[in-house]
Amino acid sequence: MTDFQSEQEFREVMDRTFSLMSEDPEIGPELRDADTPQRFEFTDLDLVVNIRAGGPDEENLVWEWSDDVDWEPKVKMAMSSQTANRYFQGKENVAIAIARRRIKAGGDVKAALAIIPITKPLFAHYRKMIAADYPHLEV
Amino acid sequence: MTLDQAAKRVGVVPATLRRWVRQGVIPHYEGAWTPEAIGHARVVARMRDRGHSLQSIREATEQGRLASGFLEALFPSDVSRYTLKDAAREAGLEPGLALRLVTGLGVSPEQATTVSEDDVQLLRYVAAVLASGFPLDAVLQLTRVYGQAMARVADAEVRLFHLYVHEPLMRSGSSGTEIAEQMHALSREVLPLAAPVLDQVHQRYLQHFIEQDVVGHMESDLDESAIDLGRMRVAIAFADLAGYTRLTEEEGELTAVDAVERFVEAVEITLPEQARVIKTIGDEVMIVGSDPATLTAWAVGFQRLQSGRPLPRIGIHYGVALYRDGDYFGRAVNIASRVAARSAGGEVLVTRSVVAYADSHLEFERIAEVKLKGFKESTEIFIARQRVPE
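One line per chain: the protein sequences are A and B, in this order. The opening position of the first sequence corresponds to residue 1 in our numbering, with each subsequent residue numbered one higher. The opening position of the second sequence corresponds to residue 1001 in our numbering, with each subsequent residue numbered one higher.
None of these hints come from the bench; they were simulated from the model. Honestly, I wouldn't trust all of these hints.
[What the hints assert, rightly or not] Below, simulated SDA-like cross-link-like pairs (lysine to any residue); rule was C-alpha separation at most 20 Å, straight line:
1. LYS91/A with LEU61/A
2. LYS74/A with SER1307/B
3. LYS104/A with GLN1386/B
4. LYS74/A with GLY1308/B
5. LYS91/A with GLN1212/B
6. LYS110/A with GLN1306/B
7. LYS104/A with TYR1244/B
8. LYS128/A with ALA53/A
9. LYS120/A with VAL1201/B
10. LYS110/A with TYR1244/B
11. LYS120/A with GLY1308/B
12. LYS104/A with GLY1308/B
13. LYS76/A with GLY1345/B
14. LYS110/A with VAL1201/B
15. LYS91/A with SER1307/B
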C-alpha cells in the first residue's frame, strides 16, 4: 500500500497536480471552458479542496483547501488520498471505484463524466512527477 | 496521355470522349488528358451508366455537385490488369483462395475477375503470412476484419468530407471549377496523412491488446483448454438507452442522436482496460470483457454516474462465445442481449454465471427465472447493486 508520508506531502503533491492541470496548454483551457466547480474530500486526511475555473484575470484553475469559498460546487467527490494517487496515475477506473465505494460521487455526476477525458492526458505528467520526486508513491 | 489511352482508362471509345468534350461535360479538358480530366470523365461514364443525360451531368458539374470526381486523380493509376488466375499464380496461391482473399479485402466479386498490380502485391503479402505458418482460417477472418474496418474508415472519410467541405462549398455559391480546385487542393494535402495516422493508431491498439492477451492467459481458468478452438469464455454486456424511441418521437432525431453520442462516449471513456466496445447499433452498445466481476462493477458504477433521462439499461452474461471476424456470436451473446432487453432504465441485470464470479462489493437480488425469447430452458436473472455497508 502506497501512502503519503504526511498531510503536508499530500497537499504539496495535489497543489503541484492542480498547477500541472491549470498550466497545461491543452488541459487548462479545456477545464476552464468546462466551468465545472468541484469539491474533493480526502476522507483519510480530513481535507477538503474546492476547485473552480478561473475568471478573466486568473489562471485556468483556482483552488482553495477549504469549504469557506464563495462558489457552489457542481460535482462532489470523496475518496482517500491513496485512491486519489492511484487515479492520477491512471490506475483507478472511476466507474469501478464508485461501484466498490472507493469513490463517492455526488452532485451533477454527468458533469463529472465530461471531465474525465479532459484530465486523462494529465496522468503521464503526474507519473513523471511521482517518479522524479515521490518514488514511494508509485503504484 | 493520348485520347486512346484516356478512353481505355475511362472505359469508353475515343469518339465518346471527344463528344463529351464538345458538349462541355469535361470542364478541365484543355487540349490534354490530365489525371483530373480523366477522373471526371470516369464520373461522367458512371453517371451515364446510371441513366443520367449529358444535360443533367453538365448542370451538376457547373453546380460543383460532381467535384469529388476530380479526387480520383489523387490515387495511383494502375492500368496493368491481371486475371485473377494470373494474379494467384504470381502470388503462389490457389485461384479460389485468391478470390476469397481479394473479396475479403474489399474487391467486389464482379470486379475480381481482373485485379491490379497493387492487388497482386497484396496477395503476395497474404501468401507470405500463410507461408509463415499462420492458420488459413485465421488469415481469412483477419482479411475480412481488415476489409470491413477499412471500409468503415473510408466511408467515414468520404461522408465527413462531403458534409463538412463539399456541401459548404456548394452553398457558398462558388463555381463548379472553383469547388473542384479547392477540394482537390485540400485533399492533396490531407489524404497522405491518413496512412501514417492509421498506422500509428493500429500500432497503439496492437500493443494494448497484446498486453490484454498476456493478462488473459495469466488469469484464465485451467479448464479453458476444454473449450473448442475459435471459442472463448467472455463477459458480454449489452447496454442501451431506455425510452430511446419515445425520446426520438418527443424531442426529435437530433436530440436523440446527441443523447446516443453522449451515452456511447461515456461508455468508452469509463470502460476498464479489460473490456471494449465491440459494436454499436443505434442506441445499443455491445461490450465484451475478460472478467465478469470487473465488467459488472463497471456497469453498476456507470449507472451511478447517470442522472436524468434517458437512463441506460444493462444486461450481462458470462459464457463461451464463438469469435469470428472480430465479433462474438452464439448462445452466450444472445442470452446477454435478451437479459439487457428485460432491464429497466438505471438497472444492471445479470445471469447466475455472473453472480458466481461476484465482486464482494456488489450484491445480487434474484428477481426472476424466465424463459428468454428463443430459449427452451429458463434463465435466472439477478439485479446487481452496490452492497449496502453494514
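Right, here's what the structure says about each hint:
no. : hint                    : in the structure
1   : LYS91/A with LEU61/A    : violated, 24 Å
2   : LYS74/A with SER1307/B  : holds, 13 Å
3   : LYS104/A with GLN1386/B : holds, 12 Å
4   : LYS74/A with GLY1308/B  : holds, 15 Å
5   : LYS91/A with GLN1212/B  : holds, 15 Å
6   : LYS110/A with GLN1306/B : holds, 6 Å
7   : LYS104/A with TYR1244/B : violated, 29 Å
8   : LYS128/A with ALA53/A   : violated, 25 Å
9   : LYS120/A with VAL1201/B : holds, 17 Å
10  : LYS110/A with TYR1244/B : holds, 18 Å
11  : LYS120/A with GLY1308/B : violated, 25 Å
12  : LYS104/A with GLY1308/B : holds, 19 Å
13  : LYS76/A with GLY1345/B  : violated, 24 Å
14  : LYS110/A with VAL1201/B : violated, 29 Å
15  : LYS91/A with SER1307/B  : violated, 25 Å
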